[in-house]
Structure formats: structure tokens, C-alpha cells
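Undergrad: Make the full structure from the sequences, and use the hints.
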Amino acid sequence: MIQLYRVSKVYPPNFPALTDIHVEIEKGEFVFLTGPSGAGKSTLLRLLFRAEEATSGQIIVNGRNLNRMDRAGVAHLRQEIGLVFQEFKLLSTMTALENVALAAEVVGVSRKESRSRAFQLLRDLGLKDKQDARPPALSAGEQQRVAIARALVNSPILVFADEPTGNLDAEVAEETMRLFLKIHEKGTTILIATHDTGFLKRFHSRAISLQHGRLASDTKLDPREVTP
Amino acid sequence: MKFPWVAFVGRRVVKSMREFLWTHVLTAGIMALTLAIFGGFVLVQQNLQGLLRGWGNQLEVFAYLRDGLSSTEIQSILSQARSLPEVEEVRHVSKKEAWENFKKGLGAQSGVLEGLTAEILPSSLDVRLKKSHREQASVEALAAKLRAIQGIGEVEYPGEWVGKLHLVTLGVQWAKWIFGGFLFVATLFIVGSTVKLAILSRKDEIEVMQLVGAPEGLIKVPFVIEGMIQGIFGAILSVLFLWLLFLLLTFRLPSLVAVFPSQSQLRFLDLSGVSLLFFLGWFIGAGGSLFSLRRFLKT
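In order, the protein sequence lines correspond to chains A and B.
The first sequence begins at 0 in numbering that gives the first Met the number 0 and counts up by one.
The second sequence begins at 0 in numbering that gives the first Met the number 0 and counts up by one.
Hints are not guaranteed to be accurate.
To be verified - Lysine-lysine pairs mimicking DSS-like chemistry, simulated, CA-CA at most 25 Å apart: (1) A:26 x A:181; (2) B:129 x B:14; (3) B:130 x A:111; (4) A:185 x A:127; (5) A:127 x A:88; (6) B:219 x A:88; (7) B:94 x B:219; (8) B:202 x B:219; (9) A:111 x A:127; (10) B:14 x B:144; (11) A:200 x A:181; (12) B:144 x B:94; (13) A:88 x A:111; (14) A:88 x B:14; (15) A:111 x B:14; (16) B:195 x A:88; (17) B:94 x A:88; (18) A:88 x A:181.
Please keep in mind that the hints were generated in silico from the structure rather than gathered at the bench.
TA: Here's what the structure looks like:
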């Protein structure tokens with residue numbers, strides 16, 4: 000599903016953010032991308048959804064070579080990926096329902112169908128009563144669930160999450176992680192960047208660890224929740 | 000473009016028009032001002048050209064015949080004049096006809112001619128030029144050729160004013176493109192800046208759209224359509240403004256209207272002039288938006 004061959008990213012003037020990364024992620028895997036702040040986790044994720052280009056090496060996502068991708072190709076790639084961010088990236092001028100439906104509308108789904116999909120997802124995530132609320136009126140946990148609903152509205156084959164629990168308290172963070180696990184159980188490949196090593200102990204899953212932009216370790220385990 | 004996208008773009012344009020109404024009105028106003036100045040030049044140029052055409056239609060060269068020519072000699076002069084390439088029509092005006100015309104011209108004062116006869120006036124040839132030769136160089140060339148014909152004395156034609164008016168028209172035409180060009184570029188930047196403000200205020204929305212895989216066209220098209228609407232609206236305002244100014248001038252300055260010969264009159268912008276303003280409005284609007292979007296989406 001995801002292949003990185005000797006990938007490096009150097010920011011000008013000469014700051015290496017990632018060096019010689021070689022990783023393969025199979026379809027249906029649940030993977031944590033870990034490491035301290037500044038280890039290169041976010042940079043790696045940004046390379047995977049082509050927010051940035053690698054300085055060298057090859058990246059293949061779902062059979063597409065990201066090195067040879069034009070803007071239209073990037074848009075197409077992102078339609079197959081669900082993205083979740085620490086800061087939610089919701090539009091404050093839109094309701095929860097509109098935020099979720101927007102992601103479907105921009106890929107050409109009719110407004111009616113988009114809203115129907117968005118409603119179902121919000122209902123499944125326990126936000127049925129919050130569909131008309133705008134993000135500022137929602138709690139951080141609710142906002143993150145809206146963001147997850149948006150990531151899922153086009154039934155992606157891949158979900159990338161960059162520190163999705165960074166702004167959430169411990170209990171809500173735990174709930175959010177369980178939500179990702181549920182999504183994974185339906186067959187979606189999930190890659191979550193987090194610096195919280197606590198999750199690694201509780202969620203028995205594959206963890207790719209980065210240190211100073213280099214691959215430090217890669218442990219392959221079965222994804223399941225371990226009793227705390 | 001898929002139908003849901005068309006509907007999506009439509010909704011976004013309407014939403015933006017509502018949310019940023021005054022920004023859009025301000026931009027359209029600036030465009031209207033620029034287009035009105037440019038349109039003013041077009042208006043002056045079109046009317047000067049009309050004036051030239053009107054006077055050109057009346058443009059005749061008068062070749063006075065020497066006294067004592069026989070009718071055979073006059074016929075020969077006539078056929079020589081008719082064979083010249085610049086000539087459209089030649090009419091012989093006999094002494095008698097010239098006398099009658101002169102008296103008619105004097106009107107009530109024709110009494111001053113008492114005691115005089117038609118013999119004091121020379122007979123002449125009234126030579127009309129072909130349309131393609133109604134400019135100063137051709138008139139002068141024709142006059143020289145007529146003078147060279149044996150039996151023709153003096154040759155008269157409307158003097159330098161034809162050339163001068165022609166130069167003024169050329170000057171206005173150049174001023175239109177030079178001055179208009181500067182304004183055009185300035186407006187392009189102003190529109191670009193306004194669009195940039197609109198883009199910045201919707202930065203998050205654009206970013207989210209990019210992240211969820213919106214095609215670039217879907218992000219750009221609403222802004223471009225908004226720019227086009229601003230441009231067309233600006234053009235409508237500019238035409239209205241020019242029309243009001245035109246009415247005011249023609250009512251307040253009747254002497255201006257009198258300058259124009261009866262065949263042509265002071266006219267408002269013709270269809271090509273109005274179309275040009277609409278095209279420019281459309282172009283500035285769309286171009287300004289695309290220019291800003293390109294720079295923004297690049298970064």
C-alpha cells in the first residue's frame with residue numbers, strides 16, 4: 000500500500016529532516032509513527048499526501064509514484080486518503096455537517112448525497128445532535144470526531160493522522176484512538192503519527208520509530224487493544 | 000465539469016458575493032472608473048473619426064477654368080480630370096451656374112451684385128475624391144495633377160485642417176492605448192490585490208479543499224467567475240457613467256454639436272466601443288483573479 004525507498008528530505012539551506020527512510024506498509028495495517036518532537040514524523044506524513052516533495056528517493060502510495068505526479072494527480076491521490084490533523088482544520092463558518100459534506104462535494108458527489116453521507120457518519124460517531132453546530136461551539140473531542148468523519152466521508156483506503164490526540168485530554172484521546180481502531184477493523188489502512196508512547200503500550204500495533212530524521216526501529220505486531 | 004461541481008461552484012459564488020459584497024462593489028467601482036476613462040478616449044476617437052468622415056464626404060477640389068475655352072476644350076479637360084485615379088466624380092460648373100450659386104449664397108444681400116454679370120466668375124470643375132483618397136496627401140497630389148492640365152488656372156481645396164484633424168484623431172488613438180494601457184495594468188493589480196484579500200480571507204477554506212482533494216479548477220473557478228462578474232458590472236457602470244456624461248455634454252454644449260456636419264452627428268459609443276469595454280471588464284476581472292490565484296496556489 001505504501002512504499003518508501005531511501006527517502007530523504009532536506010530543507011534549505013541544508014537541514015536534513017529525513018534521511019534514507021526505507022519503509023513498506025501493507026494494505027490493512029494499523030501503524031503508529033512515533034518519535035520525539037522534531038524526529039520527522041509530520042514531514043514523513045506530509046510527503047505521503049504530497050504536501051511536500053522528497054528531495055531524493057521514491058514514494059509509492061497505492062501504486063502511484065509520488066515523484067511523477069502533477070497537481071491533478073495530487074488531488075486524485077488525496078481523494079483516496081482521509082487526513083486528520085492535531086488542529087482539526089475545520090472551517091468555523093460551516094456547521095459540522097457542512098464541514099464533513101464539503102469533502103464529498105469537492106470530489107463531485109451531489110449535495111444531497113454528500114449531506115446524507117455526512118449525517119450518517121456524524122450519527123455513527125455520536126454527533127447526531129451536533130450536526131448544525133459550528134466548530135467553535137464544539138468541544139475539542141467533538142471537533143476531532145467531526146474531522147475524522149470528514150476524513151471518512153469518501154470511504155478512503157488510507158487514513159493518515161498527524162498527532163490526532165495532541166489537543167485532547169487523556170480520556171478523549173483514548174476514545175479517539177479506539178475510533179481509529181474501529182475504522183481499521185473495516186479494512187482501512189491507518190498511519191498515525193504520535194509522540195505519545197503510551198498508546199504503543201496500550202494498542203498492540205506496529206510502530207515505526209524515527210529519531211533525528213532516521214528510522215530508529217520498526218516493530219510489527221498485531222493491532223489490537225491491550226488491556227491497560 | 001460534473002453537474003454537482005457546477006452547482007457547488009454556483010453556491011460558492013453566491014455565498015462569496017453575499018459575504019464580501021462591499022469588497023466586490025469596491026472592486027467593480029474601481030474597474031468602472033478605469034473603463035470609463037478608457038471609454039472616454041474611445042468615445043472622443045470615434046466622434047473625431049465620424050467628424051473626419053463627415054467632412055471627408057464633403058471634400059471637393061475646385062479647379063477654375065481659364066476664360067475663353069471652347070466646349071471641345073472643356074470636354075477634353077473634363078475627360079482628363081475624370082481619368083485621374085483619385086477622382087470619383089467631376090462636375091462642370093458653368094459661369095451661369097456659379098453666378099446663380101453665388102447669388103443664392105448671398106441670400107438677402109444679393110442686391111450688392113446689381114450691375115454685375117455672370118462673366119466676372121470663372122467656370123470651374125467640382126472634383127469629388129474617391130473615399131480611399133480623402134486625406135491630405137491625396138488631395139495635394141490631385142491638386143498638382145489638375146494644375147498640370149492645360150486650361151485649368153487656379154486649384155483650391157480645403158487646407159491643412161484635414162491633415163490636422165487627422166493628426167488629432169491619431170493622437171487620441173495613441174493616447175487611448177498608452178494612457179489606457181497604464182490604467183489597464185494598474186487596474187489589473189488593484190483587482191489582483193482585492194482578489195488576494197478575498198483569497199486570504201478564505202485561505203483556510205482553500206487549504207481544506209486542497210487537503211480533501213478538490214481539483215485545482217474547482218478551487219479557482221469560483222474566484223474567476225467572481226472576477227468576471229465584477230468586470231462586467233464595472234463595464235455596465237462605466238457605460239452608464241459615460242452615457243450620462245455624454246447627455247450632459249450634448250445638452251450643455253450645443254456649440255459642440257454644431258461643429259459636426261449634417262451627414263454625421265455627435266454619437267455615443269457604437270456597438271464595437273461598448274463591446275470593447277465589456278470585453279476589457281471581463282478580461283481584467285478574470286485575469287486579475289487568475290493572476291492572484293496562480294501566485295497564491297503556487298505558495
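Undergrad: Hint by hint, note whether the structure agrees.
TA: Hints, verified against the model:
1. Annotation: proposed proximity of residue 26 (chain A) to residue 181 (chain A) holds, straight-line Cα distance about 16 Å (limit 25 Å).
2. Of the supplied pair hints, the one linking residue 129 (chain B) and residue 14 (chain B) is violated, its CA atoms being roughly 60 Å apart against a limit of 25 Å.
3. A C-alpha spacing of about 66 Å is found between residue 130 (chain B) and residue 111 (chain A), which places the hinted pair above 25 Å, so the restraint is violated.
4. At roughly 22 Å between alpha-carbon atoms, residue 185 (chain A) and residue 127 (chain A) fall within 25 Å of each other, so this suggested pair holds.
5. Distance restraint check for residue 127 (chain A) and residue 88 (chain A): the Cα-Cα separation of roughly 20 Å lies within the 25 Å cut-off, and the hinted pair is therefore satisfied.
6. For a cut-off of 25 Å, the pair hint linking residue 219 (chain B) to residue 88 (chain A) stands: about 20 Å separates their Cα positions.
7. Straight-line distance between C-alpha atoms of residue 94 (chain B) and residue 219 (chain B) comes to about 77 Å, which puts the hinted pair past the 25 Å bound.
8. For the hint linking residue 202 (chain B) to residue 219 (chain B), the alpha-carbon distance of about 13 Å falls within 25 Å, and the restraint holds.
9. Pair hint residue 111 (chain A) plus residue 127 (chain A) holds up; C-alpha atoms about 17 Å apart against a cutoff of 25 Å.
10. Of the pairs offered as hints, the one joining residue 14 (chain B) and residue 144 (chain B) is violated, with about 72 Å between alpha carbons and a cut-off of 25 Å exceeded.
11. About 18 Å separates the Cα atoms of residue 200 (chain A) and residue 181 (chain A), which keeps this hinted pair within 25 Å; it holds.
12. Straight-line distance between C-alpha atoms of residue 144 (chain B) and residue 94 (chain B) comes to about 23 Å, which keeps the hinted pair within the 25 Å bound.
13. Proximity of residue 88 (chain A) to residue 111 (chain A) is assessed by CA-CA distance (about 23 Å); at most 25 Å being required, the pair is judged to hold.
14. A threshold of 25 Å between alpha carbons decides the hint, and for residue 88 (chain A) with residue 14 (chain B) the separation of about 21 Å falls inside it, so the pair holds.
15. Among the hinted pairs, residue 111 (chain A) with residue 14 (chain B) is consistent with the structure: their alpha-carbon atoms are about 18 Å apart, no more than 25 Å.
16. Taking the CA atoms of residue 195 (chain B) and residue 88 (chain A), the gap is near 21 Å; set against the 25 Å cutoff, the hint holds.
17. Distance check on the hinted pair: residue 94 (chain B) and residue 88 (chain A) sit about 96 Å apart at the alpha-carbon level, beyond 25 Å; violated.
18. The straight-line distance between the Cα atoms of residue 88 (chain A) and residue 181 (chain A) is roughly 22 Å, inside the 25 Å bound, and the hint therefore holds.
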